[in-house]
Amino acid sequence: EAQVTQNPRYLITVTGKKLTVTCSQNMNHEYMSWYRQDPGLGLRQIYYSMNVEVTDKGDVPEGYKVSRKEKRNFPLILESPSPNQTSLYFCASSGTGGYNEQFFGPGTRLTVL
Amino acid sequence: TQLLEQSPQFLSIQEGENLTVYCNSSSVFSSLQWYRQEPGEGPVLLVTVVTGGEVKKLKRLTFQFGDARKDSSLHITAAQTGDTGLYLCAGGDAGGTSYGKLTFGQGTILTVHP
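The listed protein sequences derive, respectively, from chains A and B.
Going by the working numbering, the first residue of the first sequence is number 12, and it counts up by one from there.
Going by the working numbering, the first residue of the second sequence is number 669, and it counts up by one from there.
Hints may be right or wrong, so weigh each one.
What the hints assert, rightly or not - What follows is a set of in silico ranges between Cβ atoms, one per label pair, in the way DEER data are often shown: (1) B:Glu685 with A:Leu124: 41 to 49 Å; (2) B:Thr745 with A:Lys28: 16 to 24 Å; (3) B:Lys724 with A:Met61: 23 to 31 Å; (4) B:Val723 with A:Ser78: 36 to 44 Å; (5) B:Pro676 with A:Leu99: 18 to 26 Å; (6) B:Val723 with A:Lys76: 40 to 48 Å.
What the hints assert, rightly or not - Covered, in the sense of this in silico footprint (three residues per stretch, anywhere, with C-beta under 8 Å from a C-beta of chain A), are these stretches of chain B: (7) 701 to 714; (8) 770 to 782.
Read the hints as simulated data drawn from the structure, not as lab findings.
Values in this document were obtained by computation on a predicted structure and should not be read as measured data.
No residue lacks a Cβ here, since even glycine has one placed at the ideal position from N, Cα and C.
Input sequences plus hints: build the corresponding full structure.
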């Protein structure tokens with residue numbers, strides 16, 4: 012089954028404690044993105060990657076890091092989380108040949124205390 | 669920064685009614701996508717429109733892309749309770765160098781009452 016998986020699905024942590032949210036896709040897609048979703052603000056792109064070792068900032072990259080060492084994986088790293096990073100995070104992938112239609116993962120709800 | 673203004677933000681209607689959701693921008697987009705999201709899940713693609721003036725139909729849902737590719741609308745005929753959810757529009761960058769970049773609207777929360 013074609014899918015994007017994220018782990019963990021729920022995470023409660025404290026300010027300053029480094030964390031990583033993993034994302035993996037099994038569709039051999041070139042493009043992957045991370046978004047955060049907040050009430051009234053919709054989905055905002057954090058980072059995206061066009062291929063292995065190629066990443067670029069989205070609209071809200073501050074406080075986040077990403078890496079793309081393998082085509083299928085695109086982890087999101089919060090080196091020093093802060094309460095304003097409490098949000099619902101989605102990983103997505105898309106292939107070439109279309110119009111960047113996104114296949115989304117199920118989401119990770121992060122709470123930073 | 670490209671912006672997509674989606675309206676209305678909330679829509680509460682009775683089953684059988686018609687409704688329209690709008691997505692507007694001052695920027696030109698290479699494509700416009702519509703997604704539907706249910707609680708606890710990620711958004712799921714409904715349709716992509718790419719040509720100015722294009723109209724696509726998906727059962728009771730009609731999607732239109734503006735002639736200038738700056739706006740789009742989603743019209744639902746005879747809404748059903750199963751249409752309840754969050755509807756999101758997303759515009760693809762027309763610059764040609766940022767293929768991976770999508771701009772999302774704020775979303776419309778639709779509630780259809782029986």
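We went through each hint and held it up to the structure:
The hinted window of 41 to 49 Å between Glu685 of chain B and Leu124 of chain A holds, with their beta carbons roughly 43 Å apart. The hinted window of 16 to 24 Å between Thr745 of chain B and Lys28 of chain A is violated, with their beta carbons roughly 50 Å apart. Between Lys724 of chain B and Met61 of chain A the C-beta distance comes to about 27 Å, which sits within the given range of 23 to 31 Å. For the pair Val723 of chain B and Ser78 of chain A, the supplied restraint of 36 to 44 Å holds, since their beta-carbon distance comes to about 42 Å.
A C-beta distance of roughly 22 Å is found between Pro676 of chain B and Leu99 of chain A, which places it inside the suggested range of 18 to 26 Å. For Val723 of chain B paired with Lys76 of chain A, a C-beta distance near 42 Å keeps the hint of 40 to 48 Å intact. Chain A is given as covering the region 701 to 714 of chain B, and this holds because 8 residues of the stretch bring a CB closer than 8 Å to a CB of that chain, at least three being needed. Judged by the Cβ-Cβ criterion of 8 Å, the region 770 to 782 of chain B is covered by chain A as claimed, because 6 of its residues qualify and three suffice.
The structure fails hint 2 only (numbered hints given earlier).
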